[in-house]
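If you're matching them up, the sequences are chains C and X in order.
The first sequence begins at 1 in our numbering and counts up one residue at a time.
The second sequence begins at 1 in our numbering and counts up one residue at a time.
Heads up, some of the hints might be wrong.
What the hints assert, rightly or not - Between beta-carbon pairs, the in silico distance windows are: (1) C/ARG295 to X/THR25: 52 to 60 Å; (2) X/LYS47 to C/MET121: 35 to 43 Å; (3) C/LEU88 to X/GLN344: 30 to 38 Å.
No wet-lab data here; the hints were simulated from the structure.
Ideal Cβ placement from N, Cα and C applies to all residues, glycine included.
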Amino acid sequence: MNKLLSRFPRENGFEITLAGFALLYLLLFAGLPLLYNIVLSFQQVDLMEPATLLRPFAGLANYRDVFSRPEAGQVLSNTLQFVGLSLLFQVVIGFLLAMLFLQDFPLATFMRGLFLAGWIMPGLVVGVIWKLLFAGDYGVLNHVLTQMGILHSKIFWLSDPQWSLYAVIIANVWLGVPFNMLLLSVGLAAIPADLYEAAELDGANAWQRFWGITLPMMKSTLGAVVSLGAIMTMQQFDLLAALTQGGPANSSQVAQYWSWQLSLQTFEVSAGSAVATLMMVLVLIVAVIYVRSTRNERMV
Amino acid sequence: MNIRISALCATLTLALSSAASLAATLSVWAVDEPDNYTEKMAREFAKLHPDIQLQVRKVGFSSLNDEAMRAVMSGNGPDVIPIDNPNTAMFAAKNALLDLTPYLAKSKVIDVKQIYPGPLKNASWNGKVYAIPRGANTLALYYNEDMFKAAGLDPDKPPQSWDELYADAKKLTNAQKNVYGLAFSAVGDEEGVFQFLPFIQATGADWDKLNDPGAARAAAFWQKLLDEKLASPDTLSHRQSEAAATFINSNAAMDINGPWELMAVEKGAKFKWRVALLPPEKAGGTRASALGEQSHAVLRSAKNPQAAFAFLEYMYSQRNRNWNEFGMLPPSKDTVTKDPKWPQAYKTFNEQMQYARPRGPNPQWPKVSKAISTAVQSVLTHQADPKKAMDQAYKTVEATKH
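Pulled out of the complex, with its shape left as it was, chain C reads as follows (with noise of 0.2 Å):
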């Protein structure tokens, strides 16, 4: 013990016990709860039995349960989906709107504050927001899309099988965009402007310089705004609670929500414990992804 302790200088006493209380924080609230949820899937859960850790081992029988079951492979396509396209749209919008409000022209700072608003609405006021967008018969977006003369007939955004999934998305996309430019901006904004100027004189134009200077120098903050985009789609869950409920029919229901109805409606703690964990190795995947796209940016 003294000898691992003696490895350590002295003076950075303070810089350990600070690291220290994080590395005790993260334990108690984060490693405890994911290890107590991993335990739970491999277990026979009875939610109302009292809490404790010793249960009949399960051994694979909840994943098991969990992929034999008919809707599986739908909440399996539209979590890619659902993960997939609202990270492309969120991305590729906020790098846009990130490269708009770095032009200069008047009033450009205060509209970028403006759609921030967006951001700071909790999701489940989002939701409701949309819901009355979206309603079928009087909603905003079919009375806007029928007078511009894009829609001939109402689509039922939130109650047709064909478009509820990608009702949710659009509102995801929505709520996720501004945070992606704001990120974005940051980025770009750390680009030197000689870089530009230097391209400039060589006679770069705007495309080139595009994809000679902007994109390259972006590559490790789109990595990381790309692996946090893809961990809150996954944990988006005030949205679905608002807009669609995973349905009609399992329609737009999705691994996060699923995991929350199976443990939390129908008590099926096991279920849903497996389908979290599971949940859980993709965002692992996607963390290391994070980490090692930052690690570049302190190398740059």
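Given chain C's structure and the hints, the job is docking chain X onto it.
Just chain X now, kept in the frame of chain C:
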């Protein structure tokens, strides 16, 4: 001693002794609903018993089950919780609720024999009573008299069979004016199941007989209403309150809904309306309707069950106010509603109540409910054919019995 004085003394001692035994904190959960029933009752009760320290916490109706479940698990729950009536069995089977039978045997306020069999069945498990119904409700058919007349229908002859319901809805639907013939809720949770069960029960099927061909016929009937746009496609995501709102705004000519919407209808509807019994499948056939409403139960972990039960007694003693103040039907035969508001609706809902069937009991009701709502929604969205969907749900329900 004079009889009067002795009676007075007895009352005094009773009051004193009960006051002494009640000195405690009483922690009550109330469902976050417009009528605010439980909280109002708790405040009145606390006023009568100044020695009781009342704590009220509002809980969302849709999260009632999981909040209560977690409270039970942590052993740190409130004393009194509201339970949506089909879920009493689940909590009772898990040994979370106080068996009220011994308290009821001594009670001078609640006479169990007076409680209607349906609500009582939903408050009991294995022959013991675990909750006291605060009232009862059921579903009936609201209809817009003015629209009936405009469509050439006789408001004195509301639909008497599914065929008539379909035909009337068709006549009342006017796509140009954004009017649907019928509004109801097929939303993917308990509310949608609550609305669907009366239809399958009218055919002779039931929640535990979903393989009966009647269940598939009921699902196919709902499918037809949606396919032909006699009801909004958003029926799949509308809650009952949203269905009621379309009726109130004259965007639907008929609405399947409960008495709790009466106040909203009265306040909002700018037309003449009436309430009719839900039609049976064939004219003169079996009638059925849902049986809803919450009950109140005492958790086994309650620190002062005496005070908690006294509160249940107080709520029950106020049942004469159910209809006029809270839009609830009486829970018992001995309830007297003076000058009922909306006399026509009062009469119809009371008559409808005779056909109301309890949901369950099944200690895994949430699982049963989920299986039914998934089946209904997959039929309505044409992802499964009615027979196949109902057979699948039947299997899931059967599995809960083992």
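Flag every earlier hint the structure violates by its number, smallest first.
3
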